[in-house]
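For reference, the chains in residue letters:
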Amino acid sequence: MQYRQVQTIDGKGALRGIAVDSRGQLYAAGDSEIKLFDAAGRLKQRWPTSRPALAVAVARDGAVYAGEMGQIEIFDGAGKLLRTWRDETLLGRVTAIGFSKDSVLAGDAADRAIRRFDGSGEFLNNIGKDNPVNGLLIPNGVVDFAVARNGAIYAANPGKHRVEWYTPGGELLGHIGRFDGIDPAGFTGCCNPTNVAVRDGIYTTEKAGPRVKAYDFSGNLLAVIATHPFNPNCKNMSIAVDSHNRVYVVDTEKLAIFVFEPVTTV
Amino acid sequence: MSQDLTRRTVLAVLAGGAVFLVKKANGQIVWQVNAARCINSRLGEVGVEACNLCTTECVVALSAVRAVNEYSKCGRCNICPAYFNITSAVNELGQPSEKLCPRDAIARKPIGKVDPEDPANNFYEYIIDEEKCDGCGKCVMKCKEPLGLGSITLRVRYDKCVNCNRCSISRACPQNALVQLPVGQAS
Amino acid sequence: MSRLPQVIGRACVLLALLAQTALAQAIPYQRPVDTAPQADSIGGGYKVPAVQKPLPRDYWLQVVDVVALAAAMGVSVWLVLRRRSRRWLTALTIGSLAYFGFYREGCICPIGSLQNVVVALADPKYSIPMVVTATFVLPLVVALYFGRAFCGGVCALGAIQELVVLKPVQVPRRLDRALGLLKYVYLGLAILFAVKPALTRDFLICRFDPFVGFFRRTGAPHMLILGGAFLVVGMFVGRPYCRYLCPYAGLLAWCARLARRGVTITPNKELDCGLCAEACPYGAIEKMRAVRRNCLYCARCYASCPRDGELAHAKLVRSLPDGRGSEALSEPRPLGSEGGAAS
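As given, the protein sequences belong to chains A, B and C, one line each in that order. Under the numbering used here, residues 6 to 271 are what the first sequence spells out, in order. Under the numbering used here, residues 68 to 254 are what the second sequence spells out, in order. Under the numbering used here, residues 39 to 381 are what the third sequence spells out, in order.
A couple of the hints might just be wrong.
Computed list of lysine-lysine pairs in BS3-like fashion (alpha-carbon distance at most 30 Å, straight line) [to be verified]: (1) C/Lys307 / C/Lys325; (2) C/Lys307 / C/Lys205; (3) A/Lys85 / A/Lys106; (4) C/Lys307 / B/Lys180; (5) B/Lys166 / B/Lys227; (6) C/Lys91 / B/Lys205; (7) B/Lys227 / C/Lys91; (8) B/Lys176 / B/Lys166; (9) B/Lys91 / C/Lys163; (10) B/Lys227 / A/Lys134; (11) C/Lys91 / C/Lys205; (12) B/Lys180 / B/Lys227; (13) C/Lys205 / B/Lys199; (14) B/Lys227 / C/Lys163; (15) B/Lys90 / C/Lys85; (16) C/Lys91 / B/Lys166; (17) B/Lys205 / A/Lys259; (18) A/Lys134 / C/Lys85; (19) A/Lys134 / B/Lys90.
Calculated directly from the structure, the hints in this document are not laboratory data. Since we're looking at a predicted model, the values are computed, not measured.
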């Protein structure tokens, strides 16, 4: 499968996590604010967060969850703060947020685990901690995951060079990927993939030889989406996929978001 | 006699000069590598060959500059790009088949709790044997960000450095990365 | 080259490491990493090992070097002026070569220390350690009183040349004087390059030291060849570096002129046989008298004197006025055609 770059969106400042909602609007977390870009890539709105924002996600009801250090702030679609979930232990450094059925999931990089909360903020269980190394192996300091349509949580485990998927209760179901410094189907370097997104396949980003790839759910490489537009010093490039299978990737050095579209051969 | 007088004058000048210089004395200064400037360490230089001027220029037979792993900053990765040559073929253990260091100076040992079912999924400590290392910088280049975490840097080792007035590496280094520091500030 | 000082030194280093807290901030590094797993995260009783931070050579060992320098000069003075023994002086020469040359690898040396002194005087920000100042001043002070005792059996560069002197020829005086000016040129250049600002500063004496490659047992090929050439030439022209190139020699020579004591050829019409003048390989005997500024303290003159050691001669020496040798009490006897030390 081939992809081509269709857009470059200027991040208007620092960029960390991104999320795409059902209308194609792009939310970006960076510095101490959340930025909202419309479908054409123009900055529509920005509002501050009380702590540096590391991750952002949009719930089905339109609420915007911002992951920060020690807390999650929940805003409405217009940027008004609704709630704050603060927990210095469980939400030490929230680098990814997702939703699975009725639960809210937060990736805590400080403890190398994914936390599961119910809708009101009650902690339910950990995901990814039930192994001998006591968590996900993340030397890059970022926990990233995505939730598939069936509710399974696909988490990037960069130290093991694979993407693992769990039930919301924390049980490991399977994994794809392996280390390979030569074969493009493998993940190279010390710790890749750094970030993951899921729609009709598994999308990963890697550092050091930055590239974006797509796999099917059996682990076969579908496409190397892009390598060249990225600054070679990029690391922890957040990725999101919208309902039209457009892939959004953050360039952490150029501070821009690249948008790629599958080339449909008629 | 005038010779006595001249001698005493010269002695006084020497003594005065010595006192002046002793008053200025402020401890020893030593050479150290500034990792922010070293090609092997700093961001931005990608796809270049590791610079080994520290190995070739040092006047000591085996260079006084060695690679040092700052353990608290090491990622303890299973596949360490400084230990393994990650562009070599993968063996049946899922590891690259070749090691990177030409002098085999890096040792790898598992730490923490070892996963009995899959030892590859574990933390590993990477220890550089300084007696074997010659400061060629290959591991430093691979460990630096973004490929690694940059915990390995080249450093001057003071039990081997003869502390020349003008370090011959400093004369050759294209980035002026060799700097002089008071011994209390160098590491 | 005993290992004991190194063992003691290393033990002191360990004690110092334990005693000092936070021994160093490393030089700050771009994009500092705080994501590496720490001990509590790794678990299993793991403790982060300490990174070795070896300290440079202990201060007290550097002081020992200075004391050794002073002691060696004292021994040199005593051996040449009192004992007049070439055998013991050769032993001292070999000892100095072994310690200051091959063990300390020729660094720090008084010749090079003059550059540090010059820089310290010119650059207010430059700090010169006390031991370097002492290394510079001590041989000059000794020279003020006893002549170039440093050159005789203490200086490692001199020692290595001293040991290869085979069949020295007497260099004609005019040529000797002319070549001797080269050392002032070198001195001037060394000072000129030392006073430049820090990044362009060049320590010429260190860089062009012909013998340091032998001391370190490694070096650039062209410098090793140069050193070898000096040694080969040195077999026939005594100590060419010391007489014609050494920048420190200029300073020592000025001080030696003012010395109270030193090598003395006693003036006496009946005793002037000229054997000492033939024996001196360094052109330091002119008109049958010792030229203090050129005398390199090798004691060959004493060794060649047929009357040296005789009690009568010794009494004769002591009874004469303090021999600076400026008043010739007799005309020197003309010698053979070898152009001796006579003009």
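Evaluated hints:
Proximity of lysine 307 of chain C to lysine 325 of chain C is assessed by CA-CA distance (about 12 Å); at most 30 Å being required, the pair is judged to hold. Between lysine 307 of chain C and lysine 205 of chain C the alpha-carbon distance is near 29 Å, which keeps this suggested pair within the 30 Å criterion. The suggested pairing of lysine 85 of chain A with lysine 106 of chain A holds, with an alpha-carbon distance near 24 Å, which does not exceed 30 Å. Among the hinted pairs, lysine 307 of chain C with lysine 180 of chain B is inconsistent with the structure: their alpha-carbon atoms are about 95 Å apart, more than 30 Å.
At roughly 26 Å between alpha-carbon atoms, lysine 166 of chain B and lysine 227 of chain B fall within 30 Å of each other, so this suggested pair holds. With a C-alpha separation of about 22 Å, the suggested pairing of lysine 91 of chain C with lysine 205 of chain B holds against the 30 Å cut-off. At most 30 Å may separate the alpha-carbon atoms for a hinted pair to count; lysine 227 of chain B and lysine 91 of chain C meet this at roughly 12 Å. For a cut-off of 30 Å, the pair hint linking lysine 176 of chain B to lysine 166 of chain B stands: about 14 Å separates their Cα positions.
For the suggested pair lysine 91 of chain B and lysine 163 of chain C, the alpha carbons sit about 9 Å apart, so the restraint of at most 30 Å is met. Between the alpha carbons of lysine 227 of chain B and lysine 134 of chain A the distance comes to roughly 45 Å, so the proposed pair goes past 30 Å and is violated. Straight-line distance between C-alpha atoms of lysine 91 of chain C and lysine 205 of chain C comes to about 51 Å, which puts the hinted pair past the 30 Å bound. Our distance criterion of 30 Å between C-alpha atoms is broken by lysine 180 of chain B and lysine 227 of chain B, whose separation comes to about 37 Å.
For the proposed pair lysine 205 of chain C and lysine 199 of chain B, the alpha carbon gap of about 46 Å is over 30 Å, so the pair is violated. Distance check on the hinted pair: lysine 227 of chain B and lysine 163 of chain C sit about 26 Å apart at the alpha-carbon level, within 30 Å; holds. Taking the CA atoms of lysine 90 of chain B and lysine 85 of chain C, the gap is about 45 Å. The hint is violated against a cut of 30 Å. Proximity of lysine 91 of chain C to lysine 166 of chain B is assessed by CA-CA distance (about 27 Å); at most 30 Å being required, the pair is judged to hold.
A threshold of 30 Å between alpha carbons decides the hint, and for lysine 205 of chain B with lysine 259 of chain A the separation of about 28 Å falls inside it, so the pair holds. At most 30 Å may separate the alpha-carbon atoms for a hinted pair to count; lysine 134 of chain A and lysine 85 of chain C meet this at roughly 21 Å. For the hint linking lysine 134 of chain A to lysine 90 of chain B, the alpha-carbon distance of about 62 Å lies beyond 30 Å, and the restraint is violated.
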